[in-house]
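A.B. asks: Sequence:
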Amino acid sequence: AGGGRTWASIATMLQTCKMNGVDPYAWAQQALERIANRWPNKNIEALMPWNFKPTE
Numbered sequence: 001a002g003g004g005r006t007w008a009s010i011a012t013m014l015q016t017c018k019m020n021g022v023d024p025y026a027w028a029q030q031a032l033e034r035i036a037n038r039w040p041n042k043n044i045e046a047l048m049p050w051n052f053k054p055t056e
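Numbered according to my numbering, the sequence shown spans residues 1 to 56.
Just so you know, the hints here were simulated from the structure itself, not pulled from any lab data. In this text, all values refer to a predicted model and were calculated from it rather than measured experimentally. Keep in mind that a hint or two might mislead.
Label-pair restraints from in silico Cβ distances [unchecked claim]:
#1 PRO40 with GLY3: 19 to 25 Å
#2 ASN37 with THR6: 29 to 35 Å
#3 PRO54 with GLY3: 29 to 35 Å
#4 THR55 with GLY2: 31 to 37 Å
#5 ARG38 with TRP7: 15 to 21 Å
#6 MET19 with ASN43: 21 to 27 Å
#7 LYS18 with ARG38: 15 to 21 Å
#8 GLY3 with THR55: 17 to 23 Å
All C-beta atoms in this analysis are idealised placements derived from N, C-alpha and C, irrespective of residue type, glycine included.
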C-alpha cells in the first residue's frame, strides 16, 4: 500500500509540473536542493511547481 501511495504522489507532482509548463527534473532538483539547504517552512509555497523559476 505504501509504494502505491508514494507512486501516486510522484505521478501527481510530475503531472502538476507538466500542466504548468515546468521541466519536472529541473523543478525537483531545485526544490530538493532548497529543502536540503533548510528552506524556511513559511516559504513552502514558493517551492510549488506553479511558482517555479529556474535559476541560472
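A.B. asks: All hints, please: hold or fail.
C.D. replies: Here is what the structure says about each hint:
no. : hint                         : in the structure
1   : PRO40 with GLY3: 19 to 25 Å  : violated, 31 Å
2   : ASN37 with THR6: 29 to 35 Å  : violated, 24 Å
3   : PRO54 with GLY3: 29 to 35 Å  : holds, 31 Å
4   : THR55 with GLY2: 31 to 37 Å  : holds, 33 Å
5   : ARG38 with TRP7: 15 to 21 Å  : violated, 28 Å
6   : MET19 with ASN43: 21 to 27 Å : holds, 22 Å
7   : LYS18 with ARG38: 15 to 21 Å : violated, 29 Å
8   : GLY3 with THR55: 17 to 23 Å  : violated, 32 Å
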